[in-house]
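**Q** Throw the hints in and build the complete structure from the sequences for me.
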Amino acid sequence: MKLNKKIPIALLLMLLVSKPMFAQNATNMIAENNSIGMWILVIMLVIPIIVLIGSLYLNFREQLIKNKQWNNENQEQHFYDYLKNLDKNQIKQFIKLKSKKCSGNCKEKGNCNNNKSSILILFLISTSGLFAQNNFAAEKESFFSQPGIIITIVLMIVPILLGIVYAMIKSNNALKVYFNKNKMGEAENFAAFIEKSEDHDIEDMLVKRKESLDFTLTNEELSGTEKAEDTIGILHNVSDKHEVHFTALKKKAVHKPSLAPDISKLILWYFGCAVFWLVVGTGIGEYLGIKFVSPDADHISWLSFGRLRPVHTNIVFWGWASLAMIGLGYYVVPIVSNAKIYCIKWGWIALALTNMMVVLGSLCLMSGINNGGGEFREYIWPVMALFAVALILTLANFVMTVAQRTTKEIYIANWYIVSAIIFTIIVALTAYLPFWQDGVSETIVQGYFMHSGVGMWFTLYTLGLLYYFIPQQINKPIYAYSLGIMAFWTQIIFYTIIGTHHFVFAPLPWWLQTVAIVGSAGMIIPVVAATINFTMTFKGQWHKVSTSYTLPFFLVAVVYYFIVSIQGTAEAFKFTNLIWHFTDFTVAHAHLGFYGIITFALWGGFYVVIPRLTGKEPPQHLVGVHFWLAFIGLLFYTIPLSVGATLRGLMWMEGKPFIDSVVLMFDYWLWRAIGGSLMFVSHLVFAYNFYKMTSKEVEEIDVKAEAFKILKKQLQ
Amino acid sequence: MNIFNDHKRLYLTAGALFTFLTYIVVIMPAFENQYNNLPLPGTVPLSGDAKAGKLIYIAEGCVGCHSQQVRNVEMDKMFGSRPGMASDYANIGRTSIWQNTATLMGTERTGPDLTDVGNRQPSKDWNLMHLFHPRSVVPQSIMPSYQWLFEIKENPSKTDVVVSMPAEFLNGKTGKVVAKKEALQLIAYLQSLKQTPLPDGTKPLDFLYKKPVTKDSGKGSSVGTVDGEALYAANCMSCHQANGEGLKGSFPSLKGSKVVTGENLELYVDIIMNGYDARADYGVMAAVGTNMNFTENEVAAIINYERSAWGNTGKKVTPEEIKKIMDFVKIKASASN
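These protein sequence lines are chains R and X, in that order. Under our numbering, residues 335 to 1050 are what the first sequence spells out, in order. Under our numbering, residues 20 to 356 are what the second sequence spells out, in order.
The hints are simulated quantities; they were obtained by calculation from the structure and are not laboratory data. Among the hints, erroneous ones may be present.
Said to hold, decoys possible - List of simulated lysine-lysine pairs, DSS-like, C-alpha gap at most 25 angstroms: (1) X:Lys195 <-> X:Lys177; (2) R:Lys990 <-> X:Lys229; (3) R:Lys990 <-> X:Lys274; (4) R:Lys402 <-> R:Lys585; (5) X:Lys27 <-> R:Lys742; (6) R:Lys950 <-> R:Lys584; (7) R:Lys990 <-> X:Lys177; (8) X:Lys213 <-> X:Lys177; (9) X:Lys27 <-> R:Lys679; (10) R:Lys426 <-> R:Lys530; (11) R:Lys1030 <-> R:Lys586; (12) R:Lys990 <-> X:Lys230; (13) X:Lys27 <-> R:Lys674; (14) R:Lys990 <-> R:Lys908; (15) R:Lys542 <-> R:Lys422; (16) R:Lys990 <-> X:Lys199; (17) X:Lys199 <-> X:Lys213; (18) R:Lys674 <-> R:Lys950; (19) X:Lys351 <-> X:Lys277; (20) X:Lys267 <-> X:Lys172; (21) R:Lys990 <-> X:Lys213; (22) R:Lys908 <-> X:Lys351; (23) R:Lys586 <-> R:Lys950; (24) X:Lys200 <-> X:Lys213; (25) R:Lys908 <-> X:Lys229; (26) X:Lys277 <-> R:Lys908; (27) X:Lys172 <-> R:Lys908; (28) R:Lys584 <-> R:Lys426; (29) X:Lys267 <-> X:Lys96; (30) X:Lys274 <-> X:Lys335; (31) R:Lys515 <-> R:Lys530; (32) R:Lys590 <-> R:Lys810; (33) R:Lys1038 <-> R:Lys585; (34) R:Lys990 <-> R:Lys590.
Stated by the list, open to error - In silico contact screen, one side only, chain X against chain R (beta carbon under 10 angstroms); selected entries: (35) Ile77; (36) Asp132; (37) Ile161.
Glycine included, every Cβ here is placed at the ideal spot set by N, Cα and C.
**A** Here it is as structure tokens:
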């Protein structure tokens, strides 16, 4: 019992010691000439040693006291205690001994010390980590900010610590050997006592005890002897064949009442166009990534980097993500309103207009007609006007559907989705309509447009989709409406005002830049609120992630939503603007956000919705291939690019020649091309999965179903 | 809560809030800046060719990799002598009825900032070669080559602008590379990109985040704090190359050059500060030193680097003696103008 009390105390001590340790080390790296930091480190070194010595001493003393008490007690009393606790075999032996009246050996064991020593070792090992952190603190401070010195010191300390631990184990063993000698004597006495004993009461008691110990279960107490039978139809798809599965089997889509064929067809067309644009758009992106590695891949004006870059970004924005989002909206908005979609025809018109915009826009950009340089604003206004009409039609359709709802409240997903469309129309009008933008005012509008394009269209809309799909796939209501409400309004307030953080230190009004930076910090509120809301919905249901082929996509989207948004806040600060602005860090950030959050969420939505519409599921192992290629590709793409961009920014700050920073990036650009290739391959797999889910290819007939069809015909 | 059960109220409130915020942070400041900023008095309007060149700059999407803004931070000092201001962009209007205003500030610097490139790299010969095949002058460059702005002619006429391009960059084609009108227009635009000087007596904005001043820089005359090699890389290498050998037919070699290793320091400093156009077999060198506002420390560092690199041997110079020559050649240059 005493032992159990000690463990938490030891753990608590370890925590107390190690926590400030780490904090101290971190600050120490930054502030080199901090003598207070040095003293704290020395104290941190001393505390674990004192704790260690103290626990050793207590342990030793406890053992001694126990041993003394033991020796002082009446030995005979011990023997009776032992006899009461003999096990089956020992009793058997005892009875044998008594019945044959011949001599034998009895064994006994008290097994407590072993545990204790192992706990001690555990504690020692864990504290040795502390030593490793600690000992170099005593060195000169300017010294151990050098990684080489730190590694050397740690390497030197490790064997010394292992030696100390080894010595402690040895001394503890020596102590035990000494105590065991005493016990051995007692064991001999006990054996002699058993042999001499003529007490029949004890014998009777032990015989009885053996009978109870001999009792075993038949394993049929509950089930009885009858054969198992499923009389209430719980089991389905029973198969006696056992095959080896190379991949984990995931749950199949739950069958839902199918949608009307006309709306089903519309949604599938939205999806089909989106998949087409995804493959085309990312194929172009892949080619652009290769151009960084091999700039002379071609010398054709229509395929030059400057013209093709906006073609890639605009296709994935409008062609892939926007069409996929609106398509999913046509599924989610009516379902959570419990109403039919207001007008299917408007959906078809909007689809045609958006596709036209992407085709025309791409051709314009490749032939050199663009809007003059604002990111995402490269399409000229006559082209963008097509999308504006499409958005207005979609908005009218969704609002009318919500107005027809049969539920009292408007589900949270519909606040986000419908508001996203309203805001995007306002954003597009502000950025495109006014012909007045001259000089710097163009840049103010540009910051607002590109940021709201991301935050008010893609993020807000996708959040709306997640508010439907995550609870639906987990089969559990969303954790908190109130968090959703807070995230909704704070997102509007903060996201709208932060566009200028793309132009920190540019010749824009300083108050506007300050507002943008403050707003970027404010974004922590909606981001944390939404993340908590989603993760708390996941809580207790995490096991469902491993048995579902859709939930991993949503989980990635939620995790990246948190990471990328907080990263965005960090990037908006003034100092980080020095390092990261103008570098590929922004490119990596954009891909983390657009791919990690938006695209993963949309894929999850596709894999949920399409099987419901067509009744066909994707090959599960290919969904796995798609997921992992995309995920690993994204990491390969973004991590090296962020690292390289950081080094590049630091180089610029040092005032190194520009061309050196280009040479520095070569390896990182190569990694980006490799990651991009993995991502592109995953899209081909995804396109194949989409084909499998929607194709009308001839399927193997279900013999049972066909047989009953024949029977039915015969009956008629 | 009632608002969440009433779609009209919910969406109208959200839309109104968003519109209000849009007005505060976009429309209002945009109007204010548009009407409260005038171009600087010294602003030179774009010439006809430069205007056409700007349209090509826009069409080719150069802004995807090249920014045009000098931020008020120390690290941007290499791209301009003063931080940019709203007035610098005040004379930029809408491009056309179809196209938006192009301030071309940009958000990415895969390549260098071009705000002041007209001062930094004014050489027409270099720009033509660079546009036709960037790697012919900057081997490490990853810029696309804009070969569709050029044509290959067997017998160029006298009015054609011929680019002397080594055969290895012609992809096996034979003939002379001739710049089309578009290439010349684009270069006219690039050459026009110069920071407008502030009116006399106006103090420019400070560059923020200055590098911490090291203790020994206070001594003034020590050349050790100025890195001649880095200055060479930033200002000279694009023409004279990293190996100092230049490019045959375009840019002379500095390796073993008589100007570099010889005794005539005055000519040497004059070339660095005021450019050179004395030899028909090479392109014109621009007034790099004057354009970049080199100090005597910087000129001395460059000279000392060039005199010790690539096997060159020459006497070391001190900033003090360079200072005297610089003052002299400055008077000479202004007199000859």
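**Q** Looking back at the hints listed earlier, which ones does the structure fail to meet?
**A** Result: hints 4, 7, 8, 16, 22, 26, 27, 28, 29, 34 break, sorted rising.
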